[in-house]
Amino acid sequence: MDAKPTWKFSDLIADPDVEERWEKVRRYFFLRESTYDMTRHCNIRCNGCYFYEGEKQHARENANPEDWRRLMQAEKARGITFVVLAGAEPSLVPDLCRICYDEIPLGCIATNGLKRIPDDVGYRIHISVWGNDETSLNTRNAKNMLSRQLENYAGDPRAVFVYTFTRHNIDQAEAVVRKLADHNAKLTFNMFSAPVGYRGNLRHTPLSLADTQRTMIDLLENFPDTVLFSWYSAMAHTHEKGLHDLFGCSYPRRNNSTDVGLGRSFRQYRTDLTWDRAAACCVPDTDCADCRHYAAASAVVTARLFRHAVDPNTFRSWLDFVDTYLAVWVKGYVKGRNLCDETVCPPGAELTAN
Amino acid sequence: MEPENGSDGIFVFFKGDIQNMAVETDKIILRITEIMINELKLEDVTPETFDPDIDLVDEVGIDSMDLATVALVLRDEYAVRIDEDDYPKLTTVRLIGEYIHKKLAA
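From first to last, the protein sequence lines are chains A and B.
Each step along the first sequence adds one to the number in this note's numbering, with nothing skipped, and position 246 is 246.
Each step along the second sequence adds one to the number in this note's numbering, with nothing skipped, and position 26 is 380.
Certain hints may be false.
What the hints assert, rightly or not - Result set (BS3-like, lysine-lysine): computed pairs, CA atoms no more than 30 Å apart in a straight line: (1) A:24 - B:395; (2) A:335 - B:456; (3) A:76 - B:443; (4) A:143 - A:331; (5) A:8 - A:24; (6) B:381 - B:443; (7) A:241 - B:443; (8) B:381 - A:76; (9) A:143 - A:186; (10) B:395 - B:457; (11) A:24 - B:443; (12) A:8 - B:381; (13) B:456 - A:76; (14) A:331 - B:457; (15) A:115 - A:76; (16) B:457 - A:8; (17) B:443 - A:331; (18) A:8 - A:241; (19) A:24 - A:335.
In case anyone wonders, no lab produced these hints; they're calculated from the structure.
Please take these sequences and the hints and turn them into a complete structure.
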């Protein structure tokens, strides 16, 4: 017989705050995602963009509305309840986004925010921010990005700004968060995760990971009404080990099982509406060893419920993580206060020098 | 109690043990069914009418997070850990019951 764990699950949820949060998040266990590249086009070119790596950028673009509608109906029929519309820039094809929304009304669009997505597409909208405007100009070749993004999305309940930390923009995050707070906007954090074969200078180092973790926690504490994040989110994203090493990635690209979970249901469609299991993950062509992507973490950490139900702080940290992920991805879901405000090590891993 | 096959010592199970084992597994299966119905709020089914051989993923629509939830409650009940890597194999209540019984007997 196995050694009895220190904490029983029933004891972990005996705390009323914990039980309430558990009941709140478990109502969303029905979410089953797939992702879709909407168009090959984008209105900017960013250093390190995942879309313009690998084969998917060369797929023929299918912009036929009826083909998209049929795809969404088929997706719904096979159990998909949440869609992520991503590459290259979905705002350039609003009619296709609308068709997706008509068929599967839960989802999220990843956009650079330079072109406003019509209000009747009621998905969560993630607006990518890669530093201050000077940095954006250098890495994304676009002027006044944050001002233009705020013009389009300040006050929009769909919008969550996503600040991607590279190793060069850590000290710019506070000014960006302050500006977003002034506009009552919401923000979460992402980590630059190098595409396969990437030779640019944005890849993180152990030092930049440690700096990023400290910055994330400072901003989380100083801007609690603006920043959607948790202490454990900071740990999971900035550990020297990447997500796959820490938790075991459950996306098909790294998971051979087709019996249950993401390995069974997840697909990543290219613009020609085909998909390839061997390449299917939330951010294709990312170097798995360097993957700390917020989209990957949302699913990968959440899936590891069992291993986090070992002691009160580890389970509270997991609940904070899931609560954060739902607030970031599901429009209308309101994040609660974090239940654990200390650094907890991912089960089976060691704390790094962070 | 007599060994099932003479006295050559090959068999380690006795008839009575096998019968007891089956009864124990059936009890576990019934309890798993109760837990599953309760935790996952399955409707229009009772532990007695739930088919232990029905495919939980294909036919009941249970996903990995549901299995993880049930695994936690089973861990409390039987002090048995269901390894995350084993979830994909446990596609029916009977398979879960046999898995737990095997771990209990180990």
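Against the structure, the hints:
1. This hinted pair checks out: residue 24 (chain A) and residue 395 (chain B) have alpha carbons roughly 15 Å apart, not beyond 30 Å.
2. Taking the CA atoms of residue 335 (chain A) and residue 456 (chain B), the gap is about 42 Å. The hint is violated against a cut of 30 Å.
3. Between residue 76 (chain A) and residue 443 (chain B), the direct Cα distance comes to roughly 26 Å. Compliance with the 30 Å bound is thereby established for this hinted pair.
4. For a cut-off of 30 Å, the pair hint linking residue 143 (chain A) to residue 331 (chain A) stands: about 29 Å separates their Cα positions.
5. Simply put, residue 8 (chain A) and residue 24 (chain A) have alpha-carbon atoms about 20 Å apart, close enough for the 30 Å limit, and the pair holds.
6. For the hint linking residue 381 (chain B) to residue 443 (chain B), the alpha-carbon distance of about 21 Å falls within 30 Å, and the restraint holds.
7. Distance hint between residue 241 (chain A) and residue 443 (chain B) is fulfilled; the C-alpha atoms sit about 29 Å from each other, no more than 30 Å.
8. About 38 Å separates the Cα atoms of residue 381 (chain B) and residue 76 (chain A), which puts this hinted pair outside 30 Å; it is violated.
9. A distance of roughly 22 Å separates the Cα atoms of residue 143 (chain A) and residue 186 (chain A); the hinted pair therefore holds under the 30 Å criterion.
10. Annotation: proposed proximity of residue 395 (chain B) to residue 457 (chain B) holds, straight-line Cα distance about 27 Å (limit 30 Å).
11. Between the alpha carbons of residue 24 (chain A) and residue 443 (chain B) the distance comes to roughly 29 Å, so the proposed pair stays at or under 30 Å and holds.
12. Distance restraint check for residue 8 (chain A) and residue 381 (chain B): the Cα-Cα separation of roughly 22 Å lies within the 30 Å cut-off, and the hinted pair is therefore satisfied.
13. A C-alpha spacing of about 38 Å is found between residue 456 (chain B) and residue 76 (chain A), which places the hinted pair above 30 Å, so the restraint is violated.
14. A C-alpha spacing of about 43 Å is found between residue 331 (chain A) and residue 457 (chain B), which places the hinted pair above 30 Å, so the restraint is violated.
15. Annotation: proposed proximity of residue 115 (chain A) to residue 76 (chain A) holds, straight-line Cα distance about 28 Å (limit 30 Å).
16. Between residue 457 (chain B) and residue 8 (chain A), the direct Cα distance comes to roughly 18 Å. Compliance with the 30 Å bound is thereby established for this hinted pair.
17. For the hint pairing residue 443 (chain B) with residue 331 (chain A), the CA-to-CA distance comes to about 35 Å; that exceeds 30 Å, so the pair is violated.
18. Note on residue 8 (chain A) and residue 241 (chain A): the hinted pairing holds, with a Cα-Cα distance of about 29 Å set against a maximum of 30 Å.
19. Annotation: proposed proximity of residue 24 (chain A) to residue 335 (chain A) holds, straight-line Cα distance about 10 Å (limit 30 Å).
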